[in-house]
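Peer 1: Heads up: the sequence lines are chains A and B, in that order. Mapping of the first sequence onto this note's numbering: position 34 corresponds to residue 63, and the numbering continues sequentially without gaps. Mapping of the second sequence onto this note's numbering: position 9 corresponds to residue 38, and the numbering continues sequentially without gaps.
Each hint can be trusted.
Copies of the same chain look alike in the list, so a pair counts if it fits in one copy or across any two.
Once the Cα atoms are required to be at most 20 Å apart in a straight line, the calculated SDA-like pairs of lysine to any residue come out as:
| # | residue 1 | residue 2 |
| --- | --- | --- |
| 1 | K102 | E78 |
| 2 | K91 | L54 |
| 3 | K44 | M30 |
| 4 | K81 | M30 |
| 5 | K102 | L54 |
| 6 | K81 | T92 |
| 7 | K45 | V64 |
| 8 | K91 | I59 |
| 9 | K77 | L101 |
| 10 | K102 | H57 |
| 11 | K77 | L95 |
| 12 | K81 | K91 |
| 13 | K91 | G80 |
| 14 | K81 | H97 |
| 15 | K77 | L104 |
| 16 | K102 | Y79 |
| 17 | K77 | L47 |
| 18 | K77 | H97 |
| 19 | K77 | S96 |
| 20 | K81 | K102 |
| 21 | K102 | I60 |
| 22 | K81 | H100 |
| 23 | K81 | L104 |
To be clear, the hints were calculated from the coordinates, so they are not data collected in a lab.
What follows is the residue order along each chain.
There are 2 protein chains.
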Amino acid sequence: MRFSELQRAIPDITKKMLTTQLRELEYHDIINRKVYAEIPPKVEYSMKEYGKGLIPVLKSMKTWGLSHLLHLKELYGEEHIK
Amino acid sequence: MRFSELQRAIPDITKKMLTTQLRELEYHDIINRKVYAEIPPKVEYSMKEYGKGLIPVLKSMKTWGLSHLLHLKELYGEEHIK
Numbered sequence: 030m031r032f033s034e035l036q037r038a039i040p041d042i043t044k045k046m047l048t049t050q051l052r053e054l055e056y057h058d059i060i061n062r063k064v065y066a067e068i069p070p071k072v073e074y075s076m077k078e079y080g081k082g083l084i085p086v087l088k089s090m091k092t093w094g095l096s097h098l099l100h101l102k103e104l105y106g107e108e109h110i111k
Numbered sequence: 030m031r032f033s034e035l036q037r038a039i040p041d042i043t044k045k046m047l048t049t050q051l052r053e054l055e056y057h058d059i060i061n062r063k064v065y066a067e068i069p070p071k072v073e074y075s076m077k078e079y080g081k082g083l084i085p086v087l088k089s090m091k092t093w094g095l096s097h098l099l100h101l102k103e104l105y106g107e108e109h110i111k
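From just these sequences and the hints, can you work out the full model?
Peer 2: Here's what the structure looks like:
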């Protein structure tokens, strides 16, 4: 995925924060950053095999989070998002 | 658990941040805050039944995190903690 695609997928993140997070994920061996020797230079980010080990963890967080949104709605009604 | 016990269990957290986090966990129905009508007042925090649904998620994060520490050590040696 290109930087611009990631930005579109996460519209609330600043460019600076996305850069910081991508560098950290690269340091942690989760993603790969491939620079193509082109003019203009092209950069592609992808998950590394090691990084895919995080997917079950992220899925369990997502599943809990989605069901928690319903729980908050039951507790506080539609006005729960803060 | 008492506030002071939580502080001892998480020594790097400030009093203010721990207070903020506990209020948020209470709002999210994860923990219960019980105030005893005593002099001096006593406050006890406990997990709610609903909150226990988070435990498998936290366990999967912990398991991944511990094994990731070993991975970082393999990649960068002992000097990996930043």
